[in-house]
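Peer 1: Protein chains in written order, with the numbering used here: chain W, 91 to 858; chain L, 1485 to 1733.
Hints are computed from structural coordinates only; laboratory data are not their basis. As the structure is a prediction and not an experimental result, all values here were calculated from the model. Just so you know, even glycine gets a beta-carbon here, dropped at the ideal spot from N, CA and C. It is possible that some hints are incorrect.
Claimed, not checked - Here are some chain L residues pointing at chain W (derived, C-beta under 7 Å):
(1) Asp-1559
(2) Asp-1560
(3) Leu-1579
(4) Leu-1581
(5) Ala-1583
(6) Met-1600
(7) Gly-1601
(8) Arg-1670
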Amino acid sequence: MNPFNSNHPIRAWFINRALNHPHFNIILTIGLTLTVGSGISFLTIDDDMMAMLPKDLDSRISWDAVQDEFGSTEVVFIAFGKKGRSIINSESFAALWDVTAALQERSVIDEVTCITTMSRIDSDDGFMLISDLQPSRELNMLEIERIDHYLNQNPSIRKRVLSRDKEYFNIMVQPLADIPHDIMRNTVVAVGDSVLSDFEVHYGGTAYITGSVPALIRNDISVLLRVGLVIMAMVLMINLRNPFAVGLVFAVIVQSLIVMVGFMGWMVFLTGSESFHFAIINTSMPIILLTIANSDGVHFITKFFKEIRIRKDTVKALEVTMDSLLVPIFLTSITTIAAFLSLSLAPIEQMMGYGVCISAGIGYAFFLSSTFLPAAIRIKKWNMNSKAISKASMFENMISYFGRLVTSNPRSILAAGVTIAVVGIYGLLWLNVDVNIAGFFKPGTEFRDSIDFIDQEMTGTMDIRVRVEGPIKSPELLKEMTGLQQMLEDNSKVTTSFSIADMVKQMHRVVMDNDPEFEMIPDERDKINNLFTMYSMSGDPDDFSTMVDYDYSVGLVTSLSRVMTTDEIISTVDKIESYTQGLKSVEKASVTGMAVVLRDLVYLIVESSIISIVASVLVIGLIASVFFKRLLWGVMAIIPLSVAIIINFGFMGLAGISLSHVTALLASIIIGVGVDFAIHYISQYRRLADRVEKNNLTRDVIDDVGYPIMLDSASNMAFGALLFSAFLPVQYIGGLMVFAMISTSVGTLTFLAAIAELLKDRLLEIET
Amino acid sequence: MKYILVGSFFVSVLTGQSGYDIAKKLDEKEQPKDLIYRTSMVLTNSKGKTRTNTMISKSMDSNRRQMIWFLEPKDDKGVAFLKIEHDDGNDEWRLWLPAFKKVRRISSSKKSDSFMGSDLSYEDMTSRELSENTYNRLEDDVVDGRECYVLEIIPSKKLNSSYSKHISWVIKDGLVGLKEESYDKRGELKKKKEFQYKRLKDYHVIERIYVKDMQKNHTTEIMFKSIEVDSGIEKNLFQEKNLKRLPKK
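When you get a sec, could you build the whole thing from the sequences and use the hints?
Peer 2: Here is the structure:
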């Protein structure tokens, strides 16, 4: 049996395999899926957000230097107490003692800072005593009063260990260097929840947030993804009206996903590279691949249904479908792969793995559409009288409206499209970048409430660190550090700051008989030397290890603050940099801290996204120009997706939705889907150019590709389910996904169609 | 300084006895009446950075009275320290701060605190009371060709030690401490210590202590030089006024 008459040998080979060896095709593809998919056992989930950060990022270099010199600066805060009740009582101190002991026993924890572990420096009649602030687990009233009095005398210490209204204790838990934040977070929460079950417990700190977010987002998305798949199945079922056909679309999607994830695992096994770890950034991969694989399957099935309705013959319908769609699907796959491979240009290591693995999935979706899908259609006995085949669907009937609209008003449509694009460009001017991770969570959620609590009642969730180089024992430099702290604390978001200068001032006061007038930096270096020597004789010099390095040549000023927006971080960092430039004794100052590093990361992701968008659009235009043999077609292929990107990001700007590392990924979805629509449109336009009367061409093309485009778009809108996410950026992705589907599909069927209609003489001239 | 005691602790003649018996004899070992020495203490952190301190020490009554004058580094020169231990535990520590021209009494109740940034804590430098520890004799060992007794020393709970146990190797021939391992409360190895002695008059006097903090990868090497024993130091040396003058030797 060889009924096909394709004019291309490769296409003819694929058609031959599907029509004459369908069982072999199915067994081959399923076998291949299982083989590649077995790599899932090597898949490595990496929840360490810091692994994403390029090591040559300036703030990362400073951050690494700070970690190296002062130990891990990223802490988890535990605040516990009871609302409306003073925490200053023996039971609470005993609980603090117990939780501290439990935390200190954990191997991932380096240091616990709280009342239990702090030293106190007292002076009495020329006698300096350094002792434990909390001397034992069981405290009598006198001992409790002594602690309370000491904290009242030292407000900067009090701020770090006690809430303003004395209802909650605060504990700062510092991990050992190189301990991933997710492991740290899980350890601290397990200890806190088990030991402090009689109290309200709140957690915070950047290590807590970054340690919690990846797993939370992944779990959230995986649930919503399933909801989205159910809605997608329903949309497809309503339109295709055939469970087997819907099953086939899903078979393509699921196998592509298995291969993509399995491929990722194999890459880890074969290369050992962290680029192929499944990190938070990879969470969007399944959604993107789903939309692309869905597109392949939907175009194929709808085309087949249309052809079988006309020809009443499975083999002929299949042959025409394959002959008509193999090249466009191949082309859409190639262009999308090229777009995603351009992610390799991004400075973030995981983006390379992202691009390579999703490309493997897209390539496999094409392979399945060319082998598995036609083979499965071939072996099915189709009922020609079923509604699915004999009658056009709801969407199919609606499509003719677009054809009439475009052919009758091409200039108006073009003008409307240009107007919308101009509005989009205007919106781009308002687009804001923000990476406030606490802002990921809606107010009222447990996680957000906990962060807000630490922000409002304690020292805050964020930290900004200034690494200062210079002779730390010099009085001039210590005075400049004090000035820097004052400047930091002038910021209303900063709750407290501390540095070695505070310790020097406190020691000075103690040596001078506790006279508050001497709580200042001494004017002579020898005095400062004596103070440090005195402390080393009576206390532990390790107490300073988080504030000054071994050589006393690098100091660290730490400020804790409430959550800042990215704009506020930028402004604060600018002010600090400007301030430190005017310091004479400070040889070099650099600003770092998780907030600053994350700010840089976001800029990097946004920058990467822009590079990748521009590179993708150029590569897609180039490939389309080569395949369609004309530059004009290449330009037209990128028009809908370019306009869709402008409109989407412009809409974000106008709607006040910030660009973050999550929402920036929307561009990939728009490109992946938008290029598909345009290429299907252009392919069909060229295919029908010499077969259809000139004035009917646009209407016939829309009739032919409009339905699969609309169905593809509508089924992908199922991911609007992401609107129900607990994470605001994921919600935005859900909403913007719907917006993107509408803009790309309607844009193709109106804007692109109107341009093609207006340029039809020129285009037909090219084709002939 | 009390690390002298760490060494003398090991000196005894011991054969076929229980851990407690061995410890008791070590504790009863005769000490010099007084000691004068110059020490250099080299601290090295995990990145290879070093700090060196040079001091002169004079002590008597098994270090119950001791004065230390700091010579190096330059930042510390002139600082001096006086310690007088009392039976009731209320020890007197006084520090001369030349830049302030003041003597200040100091105290630390935190036994786990490091002494001068070294890997020796005040607890390490304090002689172990027999009644406050449990001594178990482990299987004898041979280290570098030298036969050793091996003692497991477990601090009692009331001591509130920062250690869960120590394992000490005592050379049978000559009966001096060779090395010791100390474990933290989690049961993980915290410190390794090595000792070297020289024979002076009838005493085994320590001349080198090497300590490595296994968790911080930080080391301390203390060399004892110009050691003099039983040189006739008088009690009235240990007064505040003598802190202000650096000794000639």
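Peer 1: When the nearest CB of chain W is found for L:Leu-1581, is that gap smaller than 7 Å?
Peer 2: holds (4 Å)
Peer 1: Checking hints one by one. Is L:Met-1600 an interface residue toward chain W, by the C-beta closer than 7 Å rule?
Peer 2: holds (5 Å)
Peer 1: Restraint: L:Leu-1579 near chain W, CB-CB cut 7 Å. Satisfied or not?
Peer 2: holds (6 Å)
Peer 1: Holds or violated: the hint that L:Gly-1601 contacts chain W, with Cβ atoms closer than 7 Å.
Peer 2: holds (4 Å)
Peer 1: Under 7 Å is the threshold here; is the Cβ of L:Ala-1583 close enough to any Cβ of chain W for the hint to stand?
Peer 2: holds (4 Å)
Peer 1: Classify the hint on L:Arg-1670 as holds or violated, based on whether any CB of chain W lies nearer than 7 Å to its CB.
Peer 2: holds (6 Å)
Peer 1: Can L:Asp-1560 be said to touch chain W, with a Cβ gap under 7 Å?
Peer 2: holds (5 Å)
Peer 1: Holds or violated: is there a CB of chain W closer than 7 Å to the CB of L:Asp-1559?
Peer 2: holds (4 Å)
The structure meets every hint from the earlier list without exception.
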